[in-house]
Amino acid sequence: MNSPVKTKSVTASDVSGLFAARARWHPLEIIFWLAAFSTIFLLPSKHLILTEIAILALFALSLDLILGYAGIISLGHAAFFGFGAYVAGLLGKNGIITEPLLALIVSGLATSVLGFVTSFLVLRGSDLTRLMVTLGIALMLRELANRYRDITGGADGLQGIVVDPVFGMFRFDIFGHTAFYYSLGVLFVLFLIARRIVNSPFGLSLRAVKANPLRASAISISVDGRLVAIYTLAAAYAGIAGALLTQTQAFASLAYFDFDRSADLLLVLIIGGTGYLYGGLIGAVVFKVLHDYLSILTPQYWLFWMGLLLVLIVLVGRERITGWTTPLRDLASRLDWRARSKKS
Amino acid sequence: MTLALETVGLERRFGGIVATSNVSLKVEKGARHALIGPNGAGKTTIINLLTGVLRPTAGRVLLDGEDITSLKAHARVKRGIARTFQINQLFGDLTPLETIGLAVSERMGAGSDFWRIAGSKSEVVDEVVRILNQFRLADVMDERTSILPYGKQRLLEIALAIACKPRVLLLDEPAAGVPEHERHDILAAVSALPKDVTVLLIEHDMDLVFSFADRISVLVNGALFVEGKPDEVARDPRVKAVYLGEDADV
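If you read the sequences in order, they're chains A and B. Take the first sequence: its position 290, counted from the start at 1, is 290 in the numbering used here, and no numbers get skipped. Take the second sequence: its position 180, counted from the start at 1, is 180 in the numbering used here, and no numbers get skipped.
If you're looking for bench data, these hints aren't it; they were derived computationally from the structure. Any given hint might turn out to be false.
Claimed, not checked - Footprint (simulated), chain B over chain A, 3 or more residues, beta carbon under 8 Å:
1. 14-25
2. 187-199
3. 203-211
What the hints assert, rightly or not - Here chain A is said to cover these stretches of chain B; the calculated rule only asks that three of the stretch's residues, wherever they fall, bring their Cβ under 8 Å from a Cβ of chain A:
4. 13-24
5. 56-67
6. 117-131
7. 135-147
To be verified - Below, a list of computed lysine to any residue pairs in the SDA-like style, where the Cα atoms sit at most 20 Å apart:
8. B:K78 x A:P213
9. B:K72 x A:L123
10. B:K72 x A:D224
11. B:K29 x B:T2
12. A:K8 x B:A75
13. B:K78 x A:L214
14. B:K165 x A:L214
15. B:K165 x A:S220
16. B:K240 x B:R215
17. A:K8 x B:K78
18. A:K8 x B:K240
19. A:K8 x B:K165
20. B:K78 x A:K46
21. B:K229 x B:K78
22. A:K46 x A:D224
23. B:K78 x A:N212
24. A:K8 x B:K72
25. B:K78 x A:D224
The structure presented is a predicted model; accordingly, all values stated were derived computationally and were not measured. Note that the Cβ used here is the ideal one computed from N, Cα and C, for glycine as well.
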């Protein structure tokens, strides 16, 4: 490897080609989405659980944006999920906005405001501080929803939510078909947006901030500004996930804020890996399917097996949360013939 | 005499320890100025004060006559002062291409663009190409930074600072720890820095200091001790006694 100094030089087309290759669709990505959409026809009897998976996947995608790309760990991401859920619920219940897509967007925007405000608390301190602050915010919101029962319905949950048919045509049915098409569509669109963002200069700067904030600021990146921006965006995503659940269930409850939900979400990302966007999606599928399968097998003790899986994954992954999926992803990038031919 | 960089009575205390004591440093425009001093003299502290990583306890920092003391680190870079680090501070998971692309995008105002693909602006690409070639990083541009040879990482350190197109560049021991067979590239890169860029060099390697600098400041115990042209500093008996040691002849 100790070759004499090479004087290879590059041209603009080499460099722009490499930049473009970073954002190009990998064949496995296309297969992934074809498989996801094929469930519309192939698994019509499973649309109820698939809806839950799509919503959990969106929620996990949101956490991946801050954890995988910006290195912000949170144990209270359910705060945004619950907040978005209640905003959507209140809009529908009080007949303010019954058109689902518009209600979804408004819920996302409202949650992004909450994300923006709380981001300044999360910026401070270490990982442990962030865990506690995020956890605390989720607990406070849950109790606020509990306390103001006149508005939220308190422990009984929010009922009587009106949601119009999607696009004025597709009514939500009891088999969950419409709910699934709707949730999967929203997930896909928001995934596309997230994919675009992480491949932008902004997305690249997030990875720099995560890797080395000292150096990032030494190349004139405003570290705090970037963290506020991505935290706000992630809050909007989580809020939309919560709003989706409210709309598809026509119900919102205090459980949406629960610590369990935040903790499960970290588990989902540990299963799927962070920092490549698909971790949350794959993790959500594995988590829900395992949950379903194990709770049929041992209805009371299924968490034992989930715990065992968690321990095994973390031991295999060791250093990083993303650890255990790294070899798989290296393999995937080797399978991409276009990347290979570019390099040689 | 126009000053690119000036400090006025700069002071920094860590608890009871005075790391920087009343330092009034003047760096002329276009200078090749070296800051030397024994270990623990407070050289890196001064770099950190100049770049906004640390806040001074007292005193001011002026860049082209403008007070930048209250600016944050990233804002100072935008004003035209960039640095390298004594110990590599790079983005391990990113490639040199991405790293340089990021700094150039940032400088050209595309850094917070969240919609276009990184590297889709042709002026960014042209600048990245120029820097990769200038610093001989082309053959490793698509490798992860963390697996690059140490010498290449040191080059990337300098390239990254240059990508910010600074008017004042602070080099913190650029050749530190670089193995002999990779040193030449670093020295060549340092001596090829554009003439209009003012350079403040911190270095232990006296060969590099005396071949490079046209002005030298000696720092001892956090305070400026001697300042002058290289031959004056080399002849100064106090410097020999305090810093260079008894048997030094340069």
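Checklist entry - Among all the numbered hints in the text so far, which are the ones the structure does not match? => result 4, 5, 12, 17, 18, 19, 20, 21, 22 and 24
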